[in-house]
Amino acid sequence: MTQTSSERPTHAAEYLKGDWDKSVFLGNPHVDNLMTALLGLGAENWALQRRLLVIEKFLATRCGIEPAEIESYLPNEEEQVIWARKRDDFIDRVFASLTRETADTSGPIDLTDAALQPPRPAGGRR
Amino acid sequence: MNRVVALRGESAASPEVPAEVRIDPSRLPAELKARHAVRFPGLDANSHQDFARGFKAWLAADWQKPEALAQRERALAMRGFPPGETPLDYASAFKVLMEDPVYAARMRLQWSIHDLMWDRAMRAFHGDADAYLRAMEATDHSGPGSLTLRPDLEIPNYARHEIHRQPGGFVGDPFAGWVYHYALSLAHYGGHNDHDEVFFHIAQSHPVPADNVVARILDIGCGPGQSTTAFKQRFPRAEVWGLDVGGPMVRYAHHRAVKLGIDVHFTQDLAEATPFPDAHFDIVNDYIVFHETNLDAMRKIVKEVYRILRPGGVFGHLDAFTAGHPTRRPPNDLQGKAMLWNIYRNNYEPFYLDYSELDFPSVLREAGFQVDLDGPPVLWNGRPRTVATKPV
Chain A
1 MTQTSSERPT HAAEYLKGDW DKSVFLGNPH VDNLMTALLG LGAENWALQR RLLVIEKFLA
61 TRCGIEPAEI ESYLPNEEEQ VIWARKRDDF IDRVFASLTR ETADTSGPID LTDAALQPPR
121 PAGGRR
Chain B
127 MNRVVALRGE SAASPEVPAE VRIDPSRLPA ELKARHAVRF PGLDANSHQD FARGFKAWLA
187 ADWQKPEALA QRERALAMRG FPPGETPLDY ASAFKVLMED PVYAARMRLQ WSIHDLMWDR
247 AMRAFHGDAD AYLRAMEATD HSGPGSLTLR PDLEIPNYAR HEIHRQPGGF VGDPFAGWVY
307 HYALSLAHYG GHNDHDEVFF HIAQSHPVPA DNVVARILDI GCGPGQSTTA FKQRFPRAEV
367 WGLDVGGPMV RYAHHRAVKL GIDVHFTQDL AEATPFPDAH FDIVNDYIVF HETNLDAMRK
427 IVKEVYRILR PGGVFGHLDA FTAGHPTRRP PNDLQGKAML WNIYRNNYEP FYLDYSELDF
487 PSVLREAGFQ VDLDGPPVLW NGRPRTVATK PV
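Top to bottom, those sequences are chains A and B.
In terms of my numbering, the first sequence is numbered consecutively and its last residue is 126.
In terms of my numbering, the second sequence is numbered consecutively and its last residue is 518.
For the record, the hints were derived by calculation from the structure and aren't laboratory data.
One thing to keep in mind: the hints can contain errors.
[To be verified] Each computed BS3-like pair below joins lysine-lysine, with the alpha-carbon atoms no more than 27 Å apart: (1) K17(A) with K221(B); (2) K57(A) with K159(B); (3) K22(A) with K221(B); (4) K22(A) with K182(B); (5) K17(A) with K426(B).
[Unchecked claim] To list a few chain A residues with every Cβ distance to chain B over 10 Å, as calculated: (6) Y15; (7) F25; (8) K57; (9) A60; (10) P75; (11) E79; (12) Q80; (13) R87; (14) S106; (15) Q117.
[Claimed, not checked] Pulled from the structure, derived: some chain B residues nowhere near chain A, Cβ distances all over 10 Å: (16) P300; (17) R433; (18) N458.
Just so it is clear, CB atoms sit at the ideal spot from N, CA and C, and this is done for glycine as well.
Chain A on its own, in the form it takes in the complex (with noise of 0.2 Å):
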């Protein structure tokens, strides 16, 4: 994903954070995690058949644009850098399950501050 650092006053503060990201349902974490992922790519599945879906649209109305085109393009240096990133961020968002701790969530919530963090950071998603 896009990292963006700002100086700017978030008005966040400290929190508890939770282990419900912990969480194992079936056994195995690496099952629990291969599930999470499989959600993930239905997700992007979903958005690139939408953006597909307003792209057909666009074309066949508008532009008037080669199908062969499309298929023989191939991205300037400027594009690779661009579409690697695209990459990357999309590998994140769909397999960062398979690397996340995992714990015994199977009894009450911890109630004391063991967990206080600090305020989250602005554009400091994980």
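Chain B: place on chain A using the hints.
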């Protein structure tokens, strides 16, 4: 008040909400729908939320099919767990169901799609963080309405938890308000709240004091302020306040209200220690607030609401299952108890079970309220509203 960051601005005319919305919120005029719809600037971010909406709906429909329910009951009966009341506690009930691989897979899918919803919204806002922070800075000090932020507010630990698996919770993420509003509207309400219909309905159906005087309204735990603005749209001449512990929540709420041109005031404060004088408000509203506070705060907030309501003022309360309610008592069968544990533990709502087991109507009565447990039903599922009136 400790520190006023923004002062009250110019007032603006609020768009009118027709009375029939009280009956059917889907009858919102097209202009209001357009004003209240949310959409990410990028197509993909909207498509990800659209996928989450579709998947959540598919999962819920599949889970609630009569044949699926019957199959689960049969499977449980064969394992020695007949329908009806169970002596098992919540955690044990959940463990019993989790031994069924279909149930376990359903849990995985339910929470993975929920996490995807939050994650994609977080990525959209954090990926363009400067722009969104700039947008809020541009409205921090402008009206209509006002914003009061309290950087030195001592936030109790119970309010610092990540609720609903939202990363950073209500207080810890700079875009908590944006994320909460966009993700829930686009993906979670399943089409029931695409244009704030839920919140229009909450405001439109809220009871008024017997003398019909409504000069001041407070919306506690207002989050991104959708109900706050909806109250102003129903009562254009009233002074309407939204209060929330989350700085990023009220900051976004004010930004949204300014963009809508609605003259409401937001303050970052604790609902158990508001900055308002005694007998100040005619109406206090809460929508799903109390189950996200601990037992101590629940009682304190009820006392505070009683203090700031004027005699004859009404407090509308909409929340989860609670003991002492004739029709909204927590379930005591195996699947029901497992469901409550799933909400508490996996939707990460640390005080959900506390609220469920508390006799909340009695807490209201002990504070001095006259309590009507069968107030006007609201929302698409007809949930009953509790109406607590401060005696004259």
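Status of the hints after comparison with the structure:
1. About 24 Å separates the Cα atoms of K17(A) and K221(B), which keeps this hinted pair within 27 Å; it holds.
2. Note on K57(A) and K159(B): the hinted pairing holds, with a Cα-Cα distance of about 26 Å set against a maximum of 27 Å.
3. A C-alpha spacing of about 17 Å is found between K22(A) and K221(B), which places the hinted pair at or below 27 Å, so the restraint holds.
4. At roughly 21 Å between alpha-carbon atoms, K22(A) and K182(B) fall within 27 Å of each other, so this suggested pair holds.
5. A threshold of 27 Å between alpha carbons decides the hint, and for K17(A) with K426(B) the separation of about 25 Å falls inside it, so the pair holds.
6. Residue-level check failed: Y15(A) sits 3 Å from the nearest beta carbon of chain B, not beyond 10 Å.
7. Annotated as non-interface, F25(A) brings its C-beta within 10 Å of a C-beta of chain B; the closest such distance is 4 Å.
8. Listed as a non-interface residue, K57(A) keeps its Cβ farther than 10 Å from every Cβ of chain B; the least gap is roughly 12 Å.
9. At the 10 Å boundary, the C-beta of A60(A) stays outside the reach of chain B, the nearest C-beta of that chain being 18 Å off.
10. At roughly 19 Å from the closest C-beta of chain B, the C-beta of P75(A) stays outside 10 Å, upholding its exclusion from the interface.
11. With a least beta-carbon separation of about 18 Å from chain B, E79(A) lies farther than 10 Å from that chain, consistent with its non-interface assignment.
12. For Q80(A), the condition that its CB be more than 10 Å from all CB atoms of chain B holds, with the nearest at approximately 20 Å.
13. Annotated as non-interface, R87(A) keeps its C-beta farther than 10 Å from every C-beta of chain B; the closest such distance is 14 Å.
14. With a cut of 10 Å on Cβ distances, S106(A) falls inside the contact zone with chain B, its closest approach being about 7 Å.
15. Not every beta carbon of chain B lies more than 10 Å from that of Q117(A), the smallest distance being close to 7 Å; the non-interface claim is violated.
16. Under the 10 Å C-beta cut-off, the non-interface status given to P300(B) relative to chain A is violated; the minimum distance is some 3 Å.
17. The claim that R433(B) lies off the interface holds: its Cβ sits roughly 26 Å from the closest Cβ of chain A, which is beyond the 10 Å cut-off.
18. Chain A leaves N458(B) outside its interface by the beta-carbon criterion, the shortest separation being 20 Å against a cut-off of 10 Å.
Figure legend: structure checked against the earlier numbered hints; hints not met, in rising order: 6, 7, 14, 15 and 16.
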